[in-house]
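Asks: Just so you know, the sequences run in chain order A and E.
Per our numbering, residue 33 is the first one in the first sequence, and the count goes up by one each step.
Per our numbering, residue 5 is the first one in the second sequence, and the count goes up by one each step.
Do not rely on the hints blindly, as some may be mistaken.
[As the list claims (entries may be wrong)] Which residues of chain A face chain E? A partial, calculated answer using Cβ under 8 Å:
1) 155
2) 202
3) 205
[As the list claims (entries may be wrong)] Covered stretches of chain E (chain A as the covering partner; in silico rule of three or more C-beta atoms under 8 Å from a C-beta of chain A):
4) 275-283
5) 301-311
6) 437-446
7) 487-499
Honestly, the hints are just simulated from the structure, not real lab data.
Even for Gly, the Cβ is constructed at its ideal location relative to N, Cα and C.
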Amino acid sequence: MQYFVQQLINGLTLGSIYGLIAIGYTMVYGIIGMINFAHGDIFMVGAFTALIVFLALGALFYSVPVVLALLIMMIVAMLLTSLYNWTIEKVAYRPLRGSFRLAPLITAIGMSIALSNFVQVTQGPRNKPIPPMVSQVYNINGISVSLKQIIIVVVTALLLALFWYLVNKTSLGRAQRACEQDRKMAALLGIDVDRTISITFIMGAALAAVAGTLFLMYYGVIAFSDGFTPGVKAFTAAVLGGIGSLPGAVVGGLMIGFIESMWSAYFSIDYKDVAAFSILAIVLIFLPSGILGRPEVEKV
Amino acid sequence: MAVTVSPERDTVATPMQRALREALYAAAISFGLFVLFIGLKTGQNISNELVLTTRWGLLAAVVIATAVGRFLYVAYGQPFLANQKITDVATGLLPASVASRFFQLPAFIVALVAAVVLFAVNSSLVGWVGAEPAGYLQFLRALSVIYVLACVIYYFRGFIHANFTKLGIAALILYPILVVAILSLMSWSFVGGLQGSLKWVDNFGIQILIYVMLAWGLNIVVGLAGLLDLGYVAFYAVGAYAYALLGTQYGLSFWILLPAAGAMAAFWGVLLGFPVLRLRGDYLAIVTLAFGEIIRLVLINWREVTNGSAGISGIPKVTFFGLMTFNVSDPNYVAKVLHLATSSAYYKIFLYYLILALALLTAFVTIRLRRMPVGRAWEALREDEIACRSLGINTTTTKLTAFATGAMFGGFAGAFFAARQGFVSPESFVFLESAIILAIVVLGGMGSLVGIAVAAMVMIGGTEALRELDFLKQVFGPDFTPELYRMLLFGMAMVIVMLWKPRGFVGSREPTAFLKERKAVSSSFTKEGHG
Numbered sequence: 033m034q035y036f037v038q039q040l041i042n043g044l045t046l047g048s049i050y051g052l053i054a055i056g057y058t059m060v061y062g063i064i065g066m067i068n069f070a071h072g073d074i075f076m077v078g079a080f081t082a083l084i085v086f087l088a089l090g091a092l093f094y095s096v097p098v099v100l101a102l103l104i105m106m107i108v109a110m111l112l113t114s115l116y117n118w119t120i121e122k123v124a125y126r127p128l129r130g131s132f133r134l135a136p137l138i139t140a141i142g143m144s145i146a147l148s149n150f151v152q153v154t155q156g157p158r159n160k161p162i163p164p165m166v167s168q169v170y171n172i173n174g175i176s177v178s179l180k181q182i183i184i185v186v187v188t189a190l191l192l193a194l195f196w197y198l199v200n201k202t203s204l205g206r207a208q209r210a211c212e213q214d215r216k217m218a219a220l221l222g223i224d225v226d227r228t229i230s231i232t233f234i235m236g237a238a239l240a241a242v243a244g245t246l247f248l249m250y251y252g253v254i255a256f257s258d259g260f261t262p263g264v265k266a267f268t269a270a271v272l273g274g275i276g277s278l279p280g281a282v283v284g285g286l287m288i289g290f291i292e293s294m295w296s297a298y299f300s301i302d303y304k305d306v307a308a309f310s311i312l313a314i315v316l317i318f319l320p321s322g323i324l325g326r327p328e329v330e331k332v
Numbered sequence: 005m006a007v008t009v010s011p012e013r014d015t016v017a018t019p020m021q022r023a024l025r026e027a028l029y030a031a032a033i034s035f036g037l038f039v040l041f042i043g044l045k046t047g048q049n050i051s052n053e054l055v056l057t058t059r060w061g062l063l064a065a066v067v068i069a070t071a072v073g074r075f076l077y078v079a080y081g082q083p084f085l086a087n088q089k090i091t092d093v094a095t096g097l098l099p100a101s102v103a104s105r106f107f108q109l110p111a112f113i114v115a116l117v118a119a120v121v122l123f124a125v126n127s128s129l130v131g132w133v134g135a136e137p138a139g140y141l142q143f144l145r146a147l148s149v150i151y152v153l154a155c156v157i158y159y160f161r162g163f164i165h166a167n168f169t170k171l172g173i174a175a176l177i178l179y180p181i182l183v184v185a186i187l188s189l190m191s192w193s194f195v196g197g198l199q200g201s202l203k204w205v206d207n208f209g210i211q212i213l214i215y216v217m218l219a220w221g222l223n224i225v226v227g228l229a230g231l232l233d234l235g236y237v238a239f240y241a242v243g244a245y246a247y248a249l250l251g252t253q254y255g256l257s258f259w260i261l262l263p264a265a266g267a268m269a270a271f272w273g274v275l276l277g278f279p280v281l282r283l284r285g286d287y288l289a290i291v292t293l294a295f296g297e298i299i300r301l302v303l304i305n306w307r308e309v310t311n312g313s314a315g316i317s318g319i320p321k322v323t324f325f326g327l328m329t330f331n332v333s334d335p336n337y338v339a340k341v342l343h344l345a346t347s348s349a350y351y352k353i354f355l356y357y358l359i360l361a362l363a364l365l366t367a368f369v370t371i372r373l374r375r376m377p378v379g380r381a382w383e384a385l386r387e388d389e390i391a392c393r394s395l396g397i398n399t400t401t402t403k404l405t406a407f408a409t410g411a412m413f414g415g416f417a418g419a420f421f422a423a424r425q426g427f428v429s430p431e432s433f434v435f436l437e438s439a440i441i442l443a444i445v446v447l448g449g450m451g452s453l454v455g456i457a458v459a460a461m462v463m464i465g466g467t468e469a470l471r472e473l474d475f476l477k478q479v480f481g482p483d484f485t486p487e488l489y490r491m492l493l494f495g496m497a498m499v500i501v502m503l504w505k506p507r508g509f510v511g512s513r514e515p516t517a518f519l520k521e522r523k524a525v526s527s528s529f530t531k532e533g534h535g
């Protein structure tokens, strides 16, 4: 039982990170119907920004309180990563809006290749390890919970609450939901669709940047190629939860996190990703539009 | 790059002011983007800790370059392009007016003379002007050769356009012979020519043709049937491992295993097809992606069979249909049988023709299938699935055959790949490969075989050509490695080509069934399928 709860906690931590990234996928998909393949690399850029800020803080000041350092890392990462996603949307996706469906998909893949190689060229191909920032571990009834995990879950919960408020209670969120339902009608009703889409990309990138910062804090290492695997898994999570549905992204993220930690705990760690992908395929056979997704009604 | 400027400000600002403002914005954005990534560099110090070094000079250069570039584009580039459009409309030479100004006889003669002279004095160049200018001159030579070739193509464009397929196939068949002939003439020896041809035949010819074949295979799934497949590389991997494992373990010949690899890949195609048939569009895409990843992860982790990430080496070479081999030690080594000088180039040239034959087989099958009921059903499925179903087409079998046929050609290409490399490892079958193949299909114009071949040539040939930029080392110092920038430029090229031609190189479609005469269908009327 203790072992199980332990794995549950590990899965929750992982799932929180996946969920944060998955929201970016699902929001963009919901609003313009494209798979933003560069999102995994946006997450990596966020983690790298946090790394550089961490090193800069270390170089500039003698010592910075951990909480303050994390906060600064997160905020700078959110700002700069949003700028990246905003620029990418403007340069690579906007001109192709209204073009055929695969065109923005290909530019997204191109941007993903370009981003990871840009980081490789400018920062070098090696793994970048940082000294552990937070190392406290609490022991409750034989279950060890590290402070890192608590921070991840708490930050994710706070952000999700904020995000839920933004989408459901503000005029911006209303504009977003309107664009998601019918872009043309929303434009006719005076919503600046371009601006709304830009803000969607910015919000997605900000969440991915937070996920990147938390990932860096949790694992203590990042490399230019680290965007792909979490990106694909977060995308899997988004599809599993039903792409386009925001609670679905969180549910899917948590599910992928649980599957992964349970599989590596009880079966084999080598095949944890295989398990996650297989379960995706199986779930989609029975629920073709994901767990919380609305089934697509086709009109002729 | 579409930038929306609010109209009321647009009317007030003069073009110059607008350009300046845009330049300032561009500078601010590029500063924001690059301040951490170019301005600072993470590196390891002696005790293996990460430290930051600053590169403010480089950052300033990049920011200023962005601003100047943006300024020039807005101030001069945009008006020029707008004018160009007006001229084009006025002269009726729509896209040709720039080209006709660019390709002119005097420039052609100058380039031709420059190329010939530089080729003639090539060997003594370094002695005359030193290593560094010689590098530039060689670059200049390459540019003038390209320009001359482009001029010739431009001059004969009507003829080339009319006979593109025949000319293309003839050029592909003659390519290794021409390469060997030209290089033999340049070095005055046949062996030297053979040795020199290795790079051109292997790195360019075979490499490009593998991607052409893969893209043509994927084209059946994506271009004809309209099913978005992001895991095509899985079938390539199945084919490669089928040949690698059966070839090394049981010593079976390539000619037996080639169909076996194709069959196995097709079997996996059906296996994947079954569960995902109910899925549509992007759900299908993610499951195929997941499938590709599963195959790769199994290849990495099933160490007893696949030898994990270390891969399988010592894969037997292809024989000349069992009559001659390409191993120097064998009694029936091709050079011994035919009394030629020993060279590794024969194998490469043989492989070149083999992959050419396989690729042409793919094209031939695609063209023939399009005329058959199943091919027409694929295209109907792509255009409208509901209409398809109501007309009584069995969408399940149609999709399955598309998956299986596409996978089979992927398997053929995989077996060839294993034979060519002599070594396979899961590293070769990452998602990036699927993405590149898909990008080639889309850039080529989805469904157009010629367009896809051109796209493969541009994208793969271009990235291979970037390996040849060693002279840049003389410009930026020995630490500069142009290799690193290859994939960066590849990704950016994907974006730029897509923005420039969102419908791909050949956007129009040739109808398979037609009344009275065959007319190309404009790209604006074609659909791309929904999965």
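Asks: Would you list, in rising numerical order, the hints stated earlier that this structure does not obey?
Replies: The structure breaks hints 2 and 3; every other hint is satisfied.
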